[in-house]
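Asks: Here is how the chains run, residue by residue.
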Amino acid sequence: MVDLTRNGRLLFGGDYNPEQWPEEIWLEDIRLMKQAKVTTATLGIFSWSSLEPREGVYAFEWLDRAIDLLWANDISVVLATPTASPPPWFTKAHPEAMPVTRAGVRLVHGSRDTYNPAALAYREAARRITRAIGDRYGHHPALQGWHVHNEYGSVSYGPAVDEAFRRWLRERYIDLAALNRAWYTAFWSQGYGDWDEILAPQQTQYLSNPAHELDFKRFSAELLLDCYREQIAILRETSPDVPLTTNFILSTWLNYNHWELAAASDFVSIDFYLDADGVEGAAHAAFGADQARSFAQGRPWLLMEQAANATVKPGRIVAKPRGEILRTTAQHIAYGSQGALFFQWRAGLGGSEAFHSTMVPHVGEDSRVFREVVELGAFIDQLGDLSLEPAGRVNGRRVAIVWDIDSWWATESSSLPSDRFNFQAAVRRVHRALWFLGIGVDFVRPQDDLSGYSLLLIPSQLVATPEQATNVRRFVADGGEAVVWYFSGTFDANLQIIPGGYSGMFAETLGIRVEELLPLADGESVQLDNGAIGTVWSESVQLRGAEPWAHYTTGFARGGPAVTHNAVGSGHAYYVSTELDDAALTALLVMVLAEAGVEPDARGAGGGLEAVRRRAGDHSYLFLINHGNEDRWSTAFGTDLLTGSTYEGSVLVVAGAILVIRESINN
Amino acid sequence: MVDLTRNGRLLFGGDYNPEQWPEEIWLEDIRLMKQAKVTTATLGIFSWSSLEPREGVYAFEWLDRAIDLLWANDISVVLATPTASPPPWFTKAHPEAMPVTRAGVRLVHGSRDTYNPAALAYREAARRITRAIGDRYGHHPALQGWHVHNEYGSVSYGPAVDEAFRRWLRERYIDLAALNRAWYTAFWSQGYGDWDEILAPQQTQYLSNPAHELDFKRFSAELLLDCYREQIAILRETSPDVPLTTNFILSTWLNYNHWELAAASDFVSIDFYLDADGVEGAAHAAFGADQARSFAQGRPWLLMEQAANATVKPGRIVAKPRGEILRTTAQHIAYGSQGALFFQWRAGLGGSEAFHSTMVPHVGEDSRVFREVVELGAFIDQLGDLSLEPAGRVNGRRVAIVWDIDSWWATESSSLPSDRFNFQAAVRRVHRALWFLGIGVDFVRPQDDLSGYSLLLIPSQLVATPEQATNVRRFVADGGEAVVWYFSGTFDANLQIIPGGYSGMFAETLGIRVEELLPLADGESVQLDNGAIGTVWSESVQLRGAEPWAHYTTGFARGGPAVTHNAVGSGHAYYVSTELDDAALTALLVMVLAEAGVEPDARGAGGGLEAVRRRAGDHSYLFLINHGNEDRWSTAFGTDLLTGSTYEGSVLVVAGAILVIRESINN
Amino acid sequence: MVDLTRNGRLLFGGDYNPEQWPEEIWLEDIRLMKQAKVTTATLGIFSWSSLEPREGVYAFEWLDRAIDLLWANDISVVLATPTASPPPWFTKAHPEAMPVTRAGVRLVHGSRDTYNPAALAYREAARRITRAIGDRYGHHPALQGWHVHNEYGSVSYGPAVDEAFRRWLRERYIDLAALNRAWYTAFWSQGYGDWDEILAPQQTQYLSNPAHELDFKRFSAELLLDCYREQIAILRETSPDVPLTTNFILSTWLNYNHWELAAASDFVSIDFYLDADGVEGAAHAAFGADQARSFAQGRPWLLMEQAANATVKPGRIVAKPRGEILRTTAQHIAYGSQGALFFQWRAGLGGSEAFHSTMVPHVGEDSRVFREVVELGAFIDQLGDLSLEPAGRVNGRRVAIVWDIDSWWATESSSLPSDRFNFQAAVRRVHRALWFLGIGVDFVRPQDDLSGYSLLLIPSQLVATPEQATNVRRFVADGGEAVVWYFSGTFDANLQIIPGGYSGMFAETLGIRVEELLPLADGESVQLDNGAIGTVWSESVQLRGAEPWAHYTTGFARGGPAVTHNAVGSGHAYYVSTELDDAALTALLVMVLAEAGVEPDARGAGGGLEAVRRRAGDHSYLFLINHGNEDRWSTAFGTDLLTGSTYEGSVLVVAGAILVIRESINN
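Taken in order, these protein sequences are the chains called A, B and C.
The opening position of the first sequence corresponds to residue 0 in numbering that gives the first Met the number 0, with each subsequent residue numbered one higher.
The opening position of the second sequence corresponds to residue 0 in numbering that gives the first Met the number 0, with each subsequent residue numbered one higher.
The opening position of the third sequence corresponds to residue 0 in numbering that gives the first Met the number 0, with each subsequent residue numbered one higher.
The set of hints was computed from the structure by calculation and includes no laboratory data.
Source: prediction; values computed, not measured.
Careful, some of the hints might be misleading.
To be verified - Quick list of simulated restraints, FRET-style, between CB atoms: (1) A:543 <-> B:642: 34 to 42 Å; (2) C:498 <-> A:138: 52 to 60 Å; (3) B:558 <-> C:557: 53 to 61 Å; (4) C:95 <-> B:60: 37 to 45 Å; (5) C:557 <-> B:321: 31 to 39 Å; (6) A:72 <-> C:566: 25 to 33 Å; (7) A:580 <-> B:630: 36 to 44 Å.
Stated by the list, open to error - Here are some chain C residues the structure puts well away from chain A; computed CB gaps all over 10 Å: (8) 33; (9) 200; (10) 298; (11) 414; (12) 415; (13) 494; (14) 514; (15) 515; (16) 544.
Claimed, not checked - Partial selection, computed: residues in chain C whose CB lies under 8 Å from chain A: (17) 172; (18) 183; (19) 191; (20) 192; (21) 193; (22) 194; (23) 202; (24) 211; (25) 272; (26) 416; (27) 493; (28) 516; (29) 554; (30) 558.
Think of the CB as a built atom: it goes at the ideal place given N, C-alpha and C, for glycine as much as any other residue.
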């Protein structure tokens, strides 16, 4: 297990770009960093053109000086490989290595991420700059970690991709006939007679082939994994003991395989930008933190990028309410992050992201934002005890939500029965409802070991394998409670429909047969006999062993079951064939949580009062964060790390407050 | 006159794709087809890659077995040429024969319809596979008809098209000066000095030339006709007696010339997908059926594709209400279809249209949908008498609506005075209003013989020739009633404006002069002094012999005539210069129907009770279909083919019911 | 100073395209022109293919005859060079000279403006046809002026542009390091190591570089200026005394530099199409006229194109209310135009703009539109006195609005803090509010001599230089009143943010420090303590010498200043940090107008009663135009040129009326 922290300090700091500034500003930066108790600077993420200004000609001196200066001031360095943004000379020298759009447009530099991950010239250039940086800094004492690339996710088309895609397909299918079956090419005369006839799914006349598209997404994700692995191999040589990561951009990017990239990393790191503020923003932050922790699968994780002062809203920058950055950061640490970094330290004066918020804003240190950053640095400094546990372990969760990248990819098909449906949105909705109930969850793959969980939630996992279905059945039979949402298990791994009834892969466990899919229009809804209202989807469901829990009273499926439950072994499996309104979804979850015997980590948690218990060594630390506008009561036994107050029972968490209690009774 | 039916049976069945299934499923299919009384399977529509897996290498054995199996079970075959979807090998071998978009993007396979109809390699490959299929199956006893291609409509750009377009223009204009005049190239410096300077209307800087665009649409439609004719010539050689068709996709596709393709066919076939359900869906079905029957011009026609269980709505599949498929199918047969086929028989498990509805759904035979299909098969089986009349003749209609492909094409110009205007929508609105009044109509070209009609309706036929105008005038002078809607006859065949007043080609007949076009904004309306409300359009109209029938009381044209009528010879011509609201449109039609002496085919028809009288041999058969939710009364004399009940006067048609009465009094 | 007018006549007429018509129609045109008292026809604007039907082969005879015929009938000619629309032969001969889109699509002829202004072949062809026309007609007595090109504004990409762009950048920056600094290329690894690595900002992966984009806009505008200058040089040789212009298309086109093109011209000409009718249309016309007059900077200007009968509204043509063309034209002349021309004389029967309104409509002379044209001709004929003053001088304005093309270009950046923000819209809003108060304004560049003004308005001028800031400060210190709107002076000339507080370039003069930008969402608003409502934008503003004038009472900036004022020397500078509602904006302007001592040109002006005083020789002419629906009172002393009535005090201007009073007391 790698340990990211140093000298009992969680990481605090951000992306730092000294190459944008004259060196007198560097000294100013050091002064402000010390004022804010910054521990860590991330360097080099977009420095390729500064480090290798011409092909094969390096200019490391500025970086030497910057790292030495930071280290002399007790600030560690996470060093990036700059391969996400090749310099202009690369375009000129290797035009064939530029990315090509689905419509065949060859892009050029002028932004960032202009490279084709399948192009040999790109791969070679990336390896070369990685080795040069690894050789030069791999043993620098300031080096706290490697930060490979930035936000993997580029997808390209064109000849180099076609070639690589065919190679990947040959390995996957061996036999062309197997590919033809998997892709269902007998439809629309798409049968391939030769591997060389296969292309990436470029622009075509009409609807594309869903299995072709899904395999291309798998291939593209693996291509990025290959890129990552090449850099890992080099950095393992140059600096075997330095932990490495690549930063995921959550929660809307899907062009990579989170589980696989995480498995190749020493620690997981995420970039996370809130899509709301207040309590909804906190729910969003919890979602990202739970994803990061789950992808890490027991290894450490780190919040690599967040915004000091902006939520992401369409068409404008939006300031975060005062004090919110403290609560959001505390949240991430409660969920196990080994610290909190920002993009970026100092606001740039130009470039495409000049208005991206920063720790030191354009206006300088005399600013609300920088004062909050200083306050945050002091806060994190007080949490040193937590650094004893490198993995950022939290209390074991008894509820798991299935998160399956194939199902998310499949959502993008243009051939689904409704375009109002999105896997990630379905997952977020269930996670949010649980968060408001104060219940912590893990995300799992459906084939994972589920034995530690009491309740398993499967929100519209479109794609499922027989092995996954067997695993779920075993979980239920062994006494687990499961809830499966509509359309789950409708497709096999090649996006072929399981015949005999939709949701077919799970049908036996659920004791149902789904005869007809009846998706609803925007604004359309159906009533259930338990008072619930369903939107987005409905189905004609028949009972094959299950019992009805609620029926449709309106709509095409009127009179038929809407929600069912089925006893399997010593557990139960629920099926939900429509999108329940908030109250009905919550009521269902309250019921199954009770059946599973799951309760919040602390009394009074939920509805915006977040209670998370993080562990370090032999101790537990209860975070109580009140994201709401009203004071709330909870219960705690122990001493607040921040104030030194001790609690032996009821504790008032005032609106907006954060308590971090080292518990006297270990929970 | 060809006869599609066999042994007194109307056609019932659908597209069948045995190449997608193992042969044990074929036997299952046969069992279910017999259960549903299927008479006909359509094969081969997308089978090119299965029949010619490599260029020039054929694999007919599976098709031999499939056809033999069907025929052994008394199921006939309509065999398609698979030329709408070339296999992947074709792209690889002939990249220059791929379609090119207006913006110059060369498309590739991965969907269907990836070919350039002007490319020699495509044409040659299409002829070759057609001849191979014709040679092999042209004399098979199961062969009931040829189904050439699928849904002609592809448009391409690029060098091969430019070349063919120039050839077509040379033939049309002979003299380049004539083309320059026709295209009004003196505007914007577009004068051509050499034929070779002419290109298809690709992406350009700003507004394109409307006459150039219109000629390109004409050319593109003729190019498809040429493709069709090449296949016809081959199939006539291989199997002179087998009737052939190509299936039109109604009612939104416009990249072909319906009248011309129909004239080249032995029978007309249509693919028709409802855009609504209930009574509005029935009105839509009637529109398609009237179009098909009219395009056929006395030859047989056939509903080649419909959906067993879905209306076309944006972004999702939508189930048809129970029983509706029976009514919709009955409707098509009432209007003359020689049967009813579906796309497709068995639901595929993969591919882009896996959720396209089918006769045998994913869930299998134990399903509402398949039970309705069996019910429908029994229904059609009872209508064998109707097969005596190959042409599917219906009672002579006395009302004609002008349907002019040039005017529809012209609607797509970006240079019209309003973008809220669409020819096809204007036609549908008039057809729908008449259908709700229980009045059957024919569609005609304005140059057709109109002598059989009493009432002629011209809904915004933008483009008109002097011959057409003369024909309309003669019709009116000879005692006909005509109604002409705004903007009709404003352009000549080259989209040049007739000077001296808009709607100029018909102005003399109408007795008006239209000085100004005053199209209305979304949400804008004008009042008329007869209580009507006008939207979309208004005009400043002056009387030149006509009398006003209604005036504008608001808007720019306030005080001027909105609707006029003019006596010409022994007939009358109305002009409607705005889009009347439903009630006002209906009132106008009621009046002119009365003047023309036109009445429904049966008492009580209209408002969702459909009454259509189809003929077979010496008999008439009255279809009474109640699409509404309330029971309705009508009158009939004869015996119901379905129940054997006899009627001698009043007859109650309960909500949702279908009566097919062989009449004792021939009407 | 050139004089456009002849024989005491203001110009009246329009674009005339004899090449579209048989010569018998020319005679008809002459008859109608004389009836309408037309003085001027503009020829040749889109005649390239008619004048040079094949490369290097000319056909001038038709134009000789047309010009001679006009001149024989006392109609002068403004002759265009037809370079805005190369003929089809040009595409074929020089495919490399076609424009290329940002995505790399090479456009072709079929519309107009299909040329790449950086292509040598285009430049050469343009020079050749210009010289040929100049040689042939430069000394024709009918020639009243040269009209070079049409509506400059084409932007292209591709190799020829890349090359020219690099040349331009080398001249601008000399040193590549300077360019790297100016473009802030250290961000996102965009550092250039060689000039040849630089491309025009084509399609790239993600956000483009704002400074790169801004320089490309500057370059593209200068490229057009180069094209213009080449033609000017030729025409100065062929006809040294003939005044020349190029017509601007106002008010939405921004691909050229209005100030620079104007400076190269002998007189300014504009194409102006109203976006509204009634009083709002009049406000729009005033905006265009003030822009044209200001761009001309003391030289004459001319309304080159307007529509006889249409305002520009989305998706349809819209008739102008009766009488409005007279008022709008009078307005332009009041503001200094040397006449009023139209696009175009006679309605074409085909082409892309067949429904563009004209002086002679499709319906011919017996029409409302032509009758209004005749009335207008008579009106203009009565204003001959005004032709004595070639420059069309109006009374000196004491209010100036800053209009800065860099700031407009900068608005198009995708990297601003809000996409609801547009410089031109901000300017129009301020101009409109002043117009409704009856106050005339000049537009100025912020570096211009401001000494003649009492009040300076700076509506969100994003980009500012230190010189401009100093000029503004000096203006205020010298006793001027200034109002600066939010975000002004936030960027330097390279779109780099001035650190230390937004609006930084003007911060010292304003006495403020803007700490945070808080743009608002659609539908979001904030309250101010003076009752105002703010939308679009808000800010956290701190006082650094200024005093608050209004505070925010809601929103993130609650409690902070919203509007401030600062005393500097003997003047004052206001800062407005949000978009005030109409009433609050008006109230603010009323206050600063009072402080500046500025009043309307006539009593009662404003709210739709327009009062403008134009000068000619020693006289002043007061235009009183009532655009509203209610009669209004004003004051005048003198004789109406139209009616001969004399006024010695109060004068009633009835709704819709126009008075042009030669004043007895010179104002």
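Asks: Against each hint, give a clear statement of whether it holds in the structure.
Replies: Do the hints match the structure? See the list:
no., hint, verdict
1, A:543 <-> B:642: 34 to 42 Å, "37 Å, holds"
2, C:498 <-> A:138: 52 to 60 Å, "37 Å, violated"
3, B:558 <-> C:557: 53 to 61 Å, "56 Å, holds"
4, C:95 <-> B:60: 37 to 45 Å, "54 Å, violated"
5, C:557 <-> B:321: 31 to 39 Å, "59 Å, violated"
6, A:72 <-> C:566: 25 to 33 Å, "45 Å, violated"
7, A:580 <-> B:630: 36 to 44 Å, "38 Å, holds"
8, 33, "56 Å, holds"
9, 200, "5 Å, violated"
10, 298, "38 Å, holds"
11, 414, "5 Å, violated"
12, 415, "7 Å, violated"
13, 494, "6 Å, violated"
14, 514, "5 Å, violated"
15, 515, "6 Å, violated"
16, 544, "16 Å, holds"
17, 172, "15 Å, violated"
18, 183, "3 Å, holds"
19, 191, "5 Å, holds"
20, 192, "5 Å, holds"
21, 193, "7 Å, holds"
22, 194, "11 Å, violated"
23, 202, "6 Å, holds"
24, 211, "6 Å, holds"
25, 272, "29 Å, violated"
26, 416, "5 Å, holds"
27, 493, "7 Å, holds"
28, 516, "7 Å, holds"
29, 554, "10 Å, violated"
30, 558, "12 Å, violated"
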